[in-house]
Amino acid sequence: MKVLVPVKRVIDYNVKVRVKPDQTGVDLANVKMSMNPFDEIATEEAVRLKEKGVATEVVVVSIGPQQAQETIRTALAMGADRGILIVTDQDAEPLAVAKLLKAVIAEESPNLVVMGKQAIDGDNNAVGQMLAALLDWPQATFASKLEVTADKATVTREIDGGLQTLDVSLPAVITADLRLNEPRYASLPNIMKAKKKEIAMKTAADYGVDVSPKLKVLKVTEPPKRSAGIKVADAAELVGKLKSEGVL
Amino acid sequence: MSAFWLSEEQEAIREGVQKVMDGFGDEYWRKTDETGTFPEEFVAEMAAGGWLGVAMPESVGGAGLGLTEASIVMQTVAQSGAAFTGASAIHLNIFGPMPIVKFGTQAQKDAFLPRIIAGEDKMCFAVTEPNSGLDTSSLETRAERTNDGYRINGRKIWTTSAQRANKVLIIARTTPKAEAKKPTEGLSLFYADFDRSAIEAKPIPKMGRKAVECNTLFIDDLHVPADALIGEEGQGFKYLLQGLNPERVLFAVEAIGIGRIAIAKAAQYAKERVVFGRPIGQNQGIQHPLAKAWAELEAANLMAFKAAALYDAGRECGAEANAAKYLGAEAGFRACEASVLAHGGMGYAREYDVERYFREAMIARIAPVSREMILNFVAERVLGLPKSY
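The listed protein sequences derive, respectively, from chains A and B. For what it's worth, the numbering used here labels the leading residue of the first sequence as 1, then goes sequentially. For what it's worth, the numbering used here labels the leading residue of the second sequence as 1, then goes sequentially.
Treat the hints with care, since some could be wrong.
[As the list claims (entries may be wrong)] Partner residues are not named here, just some residues of chain A that face chain B (Cβ under 8 Å, in silico):
{"no.": "1", "residue": "Glu70"}
{"no.": "2", "residue": "Thr74"}
{"no.": "3", "residue": "Met192"}
[Claimed, not checked] So the derived label-pair ranges between C-beta atoms look like this:
{"no.": "4", "chain 1": "B", "residue 1": "Lys387", "chain 2": "A", "residue 2": "Arg82", "range": "42 to 48 Å"}
{"no.": "5", "chain 1": "A", "residue 1": "Gly208", "chain 2": "B", "residue 2": "Glu40", "range": "41 to 47 Å"}
{"no.": "6", "chain 1": "A", "residue 1": "Pro224", "chain 2": "B", "residue 2": "Gln287", "range": "28 to 34 Å"}
{"no.": "7", "chain 1": "A", "residue 1": "Glu182", "chain 2": "B", "residue 2": "Ala313", "range": "34 to 40 Å"}
{"no.": "8", "chain 1": "A", "residue 1": "Glu51", "chain 2": "B", "residue 2": "Thr105", "range": "35 to 41 Å"}
{"no.": "9", "chain 1": "B", "residue 1": "Ala299", "chain 2": "A", "residue 2": "Arg82", "range": "51 to 57 Å"}
{"no.": "10", "chain 1": "A", "residue 1": "Ile159", "chain 2": "B", "residue 2": "Glu40", "range": "30 to 36 Å"}
{"no.": "11", "chain 1": "A", "residue 1": "Glu51", "chain 2": "B", "residue 2": "Glu140", "range": "55 to 61 Å"}
{"no.": "12", "chain 1": "B", "residue 1": "Gly133", "chain 2": "A", "residue 2": "Glu182", "range": "30 to 36 Å"}
[Claimed, not checked] Calculated cross-link-like contacts (lysine-lysine; reagent style DSSO-like; alpha-carbon spacing at most 27 Å):
{"no.": "13", "chain 1": "B", "residue 1": "Lys306", "chain 2": "A", "residue 2": "Lys50"}
{"no.": "14", "chain 1": "A", "residue 1": "Lys193", "chain 2": "B", "residue 2": "Lys19"}
{"no.": "15", "chain 1": "A", "residue 1": "Lys16", "chain 2": "B", "residue 2": "Lys19"}
{"no.": "16", "chain 1": "A", "residue 1": "Lys195", "chain 2": "B", "residue 2": "Lys109"}
{"no.": "17", "chain 1": "A", "residue 1": "Lys196", "chain 2": "B", "residue 2": "Lys102"}
{"no.": "18", "chain 1": "B", "residue 1": "Lys271", "chain 2": "A", "residue 2": "Lys193"}
{"no.": "19", "chain 1": "A", "residue 1": "Lys16", "chain 2": "B", "residue 2": "Lys271"}
{"no.": "20", "chain 1": "B", "residue 1": "Lys271", "chain 2": "A", "residue 2": "Lys225"}
{"no.": "21", "chain 1": "A", "residue 1": "Lys145", "chain 2": "B", "residue 2": "Lys19"}
{"no.": "22", "chain 1": "A", "residue 1": "Lys195", "chain 2": "B", "residue 2": "Lys292"}
{"no.": "23", "chain 1": "A", "residue 1": "Lys196", "chain 2": "B", "residue 2": "Lys19"}
{"no.": "24", "chain 1": "B", "residue 1": "Lys102", "chain 2": "A", "residue 2": "Lys193"}
{"no.": "25", "chain 1": "B", "residue 1": "Lys292", "chain 2": "A", "residue 2": "Lys16"}
{"no.": "26", "chain 1": "A", "residue 1": "Lys197", "chain 2": "B", "residue 2": "Lys19"}
{"no.": "27", "chain 1": "A", "residue 1": "Lys196", "chain 2": "B", "residue 2": "Lys109"}
{"no.": "28", "chain 1": "A", "residue 1": "Lys32", "chain 2": "B", "residue 2": "Lys306"}
{"no.": "29", "chain 1": "B", "residue 1": "Lys271", "chain 2": "A", "residue 2": "Lys195"}
{"no.": "30", "chain 1": "A", "residue 1": "Lys32", "chain 2": "B", "residue 2": "Lys182"}
{"no.": "31", "chain 1": "A", "residue 1": "Lys52", "chain 2": "B", "residue 2": "Lys292"}
{"no.": "32", "chain 1": "B", "residue 1": "Lys271", "chain 2": "A", "residue 2": "Lys231"}
No lab work stands behind these hints: they were computed from the structure. Values in this document were obtained by computation on a predicted structure and should not be read as measured data. From the three backbone atoms N, C-alpha and C, an ideal C-beta is built for every residue, glycine too.
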């Protein structure tokens, strides 16, 4: 079974994001970039499937700048087998990403796509769902547990108010939530092995997909500063405050 | 100019080591320092992750990376709070076997190196002697030829982790100094079993790093086979010199790592500790020593990574490596001192860990070479002043 894992290069989750003075976007100059944490979880899950003998090959695909090769290398060091980088200097929009992934899937014909539920930069939470719709494949999003057999996946999803368990027939698109697993860090031999694994370099034109933006960003602004809280003396005062603020 | 920051691959190395270190918190290192128990669990984890082989060639199971990457590994270890207890526990594995890598036969490399990288063989390094110190050419340990090898007799001092070692890299005179062409010739290097029937190792009670002991060795008729000789007989001193610059850089980055954790802890404490109605960290009297320590640490770090980059590029790096060890050790120590002082009375309490860093930071000011010898080197080799000793 072949598993495809799309990964995105995003601003590291530890970095405090700054808005550019002209409000056209966020400042990416000299900012630490890493693999989207949900994609790391997806990669980990795919590698575990391989280690369990369920998957035979894990292919990682990324759409982004040249440096996204490093992001693919991270996934290769975790245990993925090979990578595909579709080079674009534009921050591709979700629909364009979904279309590109569909084109990759047409070439690679994986049995399963495991990807992050969303990227932590745009927080769109859209590509997985769009991809499943474009392919007309079943989807199971926000997975917190995944079991895969030859022709079906059993997915536990985190939903409002509890957990839902779904069976989806393969091929399918699964998106990973935070609690699916805890991604490993690469050992030194695996970092070295990853250097020798193949990364195919492509462009959007190779797949005949138009990635020109369809959305227009009007303005990016900093979130409002949080004001300091107040201290209450005891539980009675706390309850009083909550009542007067209309929370209780 | 080489880069001033880590590449993504180097960042992955740092994160990988950090992940190992996350499993060994302050409590662990406090305890090893109290009991003197060698941090075996930590060394086993580092070996399992392949980190001990960072600078060893790929052909024998290492990663084939350079001094820069080795420095990142060792700095991450020290900076986690493991300080020299963690760093010294594996320090020798990183560049210690270099004479074997560079001058050993293929058979020796295949037999010795994979076992060192896997942590199966535990090596110690017997160089310094009580009567010669830094004047290595005057060392008195003798190796005499026998029918099938050599017989070694003598004394060594400051041999680190000889209590757990099963192998020893030892330098001894094979030709008396008076008969050798030059004082630095006639010394030979051997890699042999640590035979406890012929070597008595006595730990030296010392100021810090209790868990990684240093020993006096009494070597009495140690028989080693002929194939324990590394490289040519009489050339051992030259082989040893090869490892000196990397070792200095590693000491520098380790000391800087300790200094960094020390001031990070001090800054945290100064933010939380409220006296006279405000955090003590709001006072410039607390801020400035820590800020100064940071500036000194980062300047020293640049010198250390410059030396590493020169070494990795195959360029001369003696002056930079020596200067880095001097600057790194001094900056590390001063940062630890500033940290203890910022903590006030709590800085003297073991619970806050910084007194342990302070004690351990002294190591890098003395070992592997004194500050004075470094300054002699710079004066003579860089400034062209006459030799003073």
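Hints versus structure:
1. Glu70: holds, 4 Å
2. Thr74: holds, 6 Å
3. Met192: Met192/A check passes; min Cβ-Cβ to chain B is 5 Å, inside 8 Å.
4. Lys387/B with Arg82/A: 42 to 48 Å: violated, 59 Å
5. Gly208/A with Glu40/B: 41 to 47 Å: violated, 59 Å
6. Pro224/A with Gln287/B: 28 to 34 Å: Holds, since Pro224/A and Gln287/B (Cβ atoms, about 30 Å apart) stay within the stated range.
7. Glu182/A with Ala313/B: 34 to 40 Å: holds, 39 Å
8. Glu51/A with Thr105/B: 35 to 41 Å: Between Glu51/A and Thr105/B, where Cβ atoms are some 39 Å apart, the hint holds.
9. Ala299/B with Arg82/A: 51 to 57 Å: Given range 51 to 57 Å: violated, Cβ gap about 43 Å.
10. Ile159/A with Glu40/B: 30 to 36 Å: violated, 46 Å
11. Glu51/A with Glu140/B: 55 to 61 Å: holds, 56 Å
12. Gly133/B with Glu182/A: 30 to 36 Å: violated, 50 Å
13. Lys306/B with Lys50/A: Given pair Lys306/B, Lys50/A is violated - Cα atoms ~42 Å apart, limit 27 Å.
14. Lys193/A with Lys19/B: holds, 19 Å
15. Lys16/A with Lys19/B: Cα-Cα ~22 Å, so holds.
16. Lys195/A with Lys109/B: holds, 25 Å
17. Lys196/A with Lys102/B: Cα-Cα ~25 Å, so holds.
18. Lys271/B with Lys193/A: Given that 27 Å is the threshold and the Cα spacing comes to 44 Å, the pair is violated.
19. Lys16/A with Lys271/B: Judged against 27 Å, a Cα distance of about 20 Å means the pair holds.
20. Lys271/B with Lys225/A: Status holds; Cα separation ~21 Å.
21. Lys145/A with Lys19/B: Satisfied, since the Cα-Cα distance of roughly 24 Å is no more than 27 Å.
22. Lys195/A with Lys292/B: With Cα atoms ~40 Å apart, Lys195/A and Lys292/B exceed 27 Å; violated.
23. Lys196/A with Lys19/B: holds, 24 Å
24. Lys102/B with Lys193/A: With Cα atoms ~24 Å apart, Lys102/B and Lys193/A stay inside 27 Å; holds.
25. Lys292/B with Lys16/A: Distance ~25 Å between Lys292/B and Lys16/A Cα, so the pair holds.
26. Lys197/A with Lys19/B: holds, 24 Å
27. Lys196/A with Lys109/B: It holds: about 25 Å lies between the C-alpha atoms, which stays within 27 Å.
28. Lys32/A with Lys306/B: holds, 22 Å
29. Lys271/B with Lys195/A: Outside the cut-off at roughly 43 Å; violated.
30. Lys32/A with Lys182/B: Given that 27 Å is the threshold and the Cα spacing comes to 54 Å, the pair is violated.
31. Lys52/A with Lys292/B: violated, 53 Å
32. Lys271/B with Lys231/A: holds, 19 Å
The structure fails to meet hints 4, 5, 9, 10, 12, 13, 18, 22, 29, 30 and 31 from the earlier list, while all remaining hints are met.
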